[in-house]
Amino acid sequence: MKEYLNKGIKEVVKQFPRIADILDEYQIGCGPCSVGTCLLKDIVNIHNLSPEDEQSLMAKIAEVIYPGPPVKIPEPARRQGSGSREIKYSPPMKKLVDEHVLIKKLVALIPKLIEYLDLESDQGRQLILDSIDFIRSYADKYHHAKEEDILFKYFDPNLDILKVMYEDHETGRAHVRAIVAGVEKRDKSVVIEHLNGYQELLSGHIKKEDEILYPWLDRELSTSQVGEMFSKFNEIDKQFGCTAKRYEEVIKKLEERFKIEPSLSSMTSWVKSH
Amino acid sequence: MSNFEGCPGSKMHDFKKKDDQENGLTIKVASQLKHWPIQLHLVSPAASYYQGADVLLSADCVAYALGSLHSDYLKGKSLAIACPKLDESQNAYVEKIKSLVDDAKINTLTVMIMQVPCCMGLLELAKKAAAEAKRKVPVKYLVVGIQGEILKDEWAIN
Ligand SMILES: [Fe+2]
Ligand SMILES: [Fe+2]
Numbered sequence: 001m002k003e004y005l006n007k008g009i010k011e012v013v014k015q016f017p018r019i020a021d022i023l024d025e026y027q028i029g030c031g032p033c034s035v036g037t038c039l040l041k042d043i044v045n046i047h048n049l050s051p052e053d054e055q056s057l058m059a060k061i062a063e064v065i066y067p068g069p070p071v072k073i074p075e076p077a078r079r080q081g082s083g084s085r086e087i088k089y090s091p092p093m094k095k096l097v098d099e100h101v102l103i104k105k106l107v108a109l110i111p112k113l114i115e116y117l118d119l120e121s122d123q124g125r126q127l128i129l130d131s132i133d134f135i136r137s138y139a140d141k142y143h144h145a146k147e148e149d150i151l152f153k154y155f156d157p158n159l160d161i162l163k164v165m166y167e168d169h170e171t172g173r174a175h176v177r178a179i180v181a182g183v184e185k186r187d188k189s190v191v192i193e194h195l196n197g198y199q200e201l202l203s204g205h206i207k208k209e210d211e212i213l214y215p216w217l218d219r220e221l222s223t224s225q226v227g228e229m230f231s232k233f234n235e236i237d238k239q240f241g242c243t244a245k246r247y248e249e250v251i252k253k254l255e256e257r258f259k260i261e262p263s264l265s266s267m268t269s270w271v272k273s274h
Numbered sequence: 001m002s003n004f005e006g007c008p009g010s011k012m013h014d015f016k017k018k019d020d021q022e023n024g025l026t027i028k029v030a031s032q033l034k035h036w037p038i039q040l041h042l043v044s045p046a047a048s049y050y051q052g053a054d055v056l057l058s059a060d061c062v063a064y065a066l067g068s069l070h071s072d073y074l075k076g077k078s079l080a081i082a083c084p085k086l087d088e089s090q091n092a093y094v095e096k097i098k099s100l101v102d103d104a105k106i107n108t109l110t111v112m113i114m115q116v117p118c119c120m121g122l123l124e125l126a127k128k129a130a131a132e133a134k135r136k137v138p139v140k141y142l143v144v145g146i147q148g149e150i151l152k153d154e155w156a157i158n
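Protein chains in written order, with the numbering used here: chain A, 1 to 274; chain B, 1 to 158.
Be aware that one or more of the hints could be misleading.
Claimed, not checked - Straight-line distance between alpha carbons at most 30 Å, and here's what the computed BS3-like set of lysine-lysine pairs gives:
| id | chain 1 | residue 1 | chain 2 | residue 2 |
| --- | --- | --- | --- | --- |
| 1 | B | K105 | A | K232 |
| 2 | B | K134 | A | K245 |
| 3 | B | K75 | A | K94 |
| 4 | B | K34 | A | K232 |
| 5 | A | K104 | B | K105 |
| 6 | B | K136 | A | K245 |
| 7 | A | K88 | B | K136 |
| 8 | A | K95 | B | K85 |
| 9 | A | K94 | B | K28 |
| 10 | B | K140 | A | K153 |
| 11 | A | K253 | A | K95 |
| 12 | B | K34 | A | K146 |
| 13 | A | K238 | B | K152 |
To be verified - Looking from chain A toward chain B, a few residues come up when the C-beta cut is under 8 Å (computed):
| id | residue |
| --- | --- |
| 14 | S90 |
| 15 | L221 |
| 16 | S224 |
| 17 | F230 |
Source of the hints: derived by calculation from the structure; they are not laboratory data. Here a beta-carbon is modelled for each residue, glycine too, at the ideal position from N, C-alpha and C.
Using the sequences and the hints given, assemble the complete structure.
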């Protein structure tokens with residue numbers, strides 16, 4: 001069993017596809033992960049199941065790997081707050097989760113941006129570029145800077161789960177570059193393809209962070225590190241001044257426009273007046 | 001007949017351990033206390049050991065209930081103790097905690113209380129002070145059972 005616990009999830013699932021379904025039963029969605037280098041044992045640890053659930057999950061996995069007489073499975077860990085479905089974040093982690101709320105709002109607007117996509121008029125193009133400005137300034141510079149430059153720095157950069165997060169951030173940046181290039185060339189299909197790509201990527205990415213990564217990192221950080229991180233985040237907030245407030249307004253207005261008059265003419269007139 | 005059994009904070013319990021359970025334990029546990037005084041009325045937020053510190057604000061009884069207080073919770077922290085039930089002039093406590101946050105610029109505040117309901121007062125007092133302070137610091141709290149078990153360990157979001 002130990003041998004497989006120390007293998008990357010992709011390798012394990014490739015050899016035993018049934019294990020992806022078993023993990024799914026316990027709301028562990030790592031089976032189809034495209035990177036898949038996280039070790040099976042780390043995946044189980046990160047998801048913080050109750051000791052009872054962890055034991056039954058391990059037993060089911062063991063049955064698949066070693067059919068026949070039961071094999072010895074490791075004792076489940078008794079972690080503080082394990083098995084609880086309610087997530088309680090530390091104050092700095094809560095800040096990041098709150099920032100996700102605004103990013104998710106932009107992500108939710110992407111289908112509308114696609115539906116009313118107009119690359120022929122200046123205003124139509126500006127609308128996409130304004131959304132890109134939000135992604136670059138708020139989601140990337142402001143939010144991802146806190147993640148990459150502060151939070152992740154407390155951990156070993158070789159941790160597989162962090163590698164997945166860095167990779168997601170990079171993929172997001174590549175989508176953004178492709179969207180901007182598509183706008184310049186007025187190539188609708190490229191813009192749509194990468195807006196969709198960004199939407200799919202970010203929805204999954206934020207879910208992973210909110211539900212898996214942050215709670216796990218919170219359990220690993222000391223009280224003192226949490227305090228230090230909190231004041232570093234406050235420093236960033238100070239540096240960015242009213243940026244956060246301004247982008248909240250941008251999203252609010254964008255939402256209102258789409259809801260009230262979801263027509264391109266009203267959209268573009270909003271861009272003009274903005 | 002009424003079911004009321006009086007104040008849970010003063011109710012008597014006898015949990016004498018089986019004699020040999022802890023006998024024979026002769027290891028000396030090192031103290032993790034790194035300053036004096038510690039009583040909240042007596043401490044000064046200007047003291048060097050509070051500057052930028054992770055502060056533990058503990059209810060008096062916690063130290064007696066929790067065997068591993070020194071190594072598990074006091075280590076690396078600066079301490080203040082108080083009793084929210086019996087101490088007087090508790091408004092001064094609010095001011096002092098505010099000063100720890102604003103003037104001593106503490107890094108975090110950890111409040112440890114007993115499970116008895118009256119002990120909640122210390123957490124409320126700390127939360128009030130943290131909310132009124134100009135600076136913001138993470139506040140966490142732990143609830144200790146009367147036999148030393150940790151019943152809760154959470155961040156208090158104001
Ligand atoms: Fe991220
Ligand atoms: Fe994030």
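Hinted pair, alpha-carbon criterion (30 Å max): K140 of chain B, K153 of chain A. Please report holds or violated. holds, 23 Å
Pair hint K34 of chain B and K232 of chain A, alpha-carbon separation not exceeding 30 Å: holds, 27 Å
Keeping to a limit of 30 Å between CA atoms, is the pair of K238 of chain A and K152 of chain B held or broken? violated, 33 Å
Is K104 of chain A close enough to K105 of chain B, meaning Cα to Cα at most 30 Å? violated, 34 Å
Regarding the pair K34 of chain B and K146 of chain A, is the alpha-carbon distance no greater than 30 Å? violated, 34 Å
Next pair to validate is K253 of chain A with K95 of chain A; report whether the Cα-Cα distance is within 30 Å. OK: K253 of chain A and K95 of chain A at ~23 Å, within 30 Å.
Are the Cα positions of K94 of chain A and K28 of chain B separated by 30 Å at most? violated, 41 Å
Does F230 of chain A pass the interface hint, meaning its C-beta sits closer than 8 Å to a C-beta of chain B? Constraint on F230 of chain A satisfied, holds at 5 Å.
Return the status of the interface hint for S90 of chain A: holds when the least beta-carbon distance to chain B is below 8 Å, violated otherwise. holds, 5 Å
Does S224 of chain A pass the interface hint, meaning its C-beta sits closer than 8 Å to a C-beta of chain B? holds, 5 Å
Under 8 Å, Cβ to Cβ, is where L221 of chain A needs to be relative to chain B, so tell me if that hint holds or is violated. With Cβ-Cβ at 11 Å, over 8 Å, it is violated.
Below or equal to 30 Å on CA atoms is what counts here, so check K136 of chain B against K245 of chain A. Roughly 19 Å between the alpha carbons, so the hint for K136 of chain B and K245 of chain A holds.
Hints 5, 8, 9, 12, 13, 15 from the list above are not met by this structure, while the remaining hints are.
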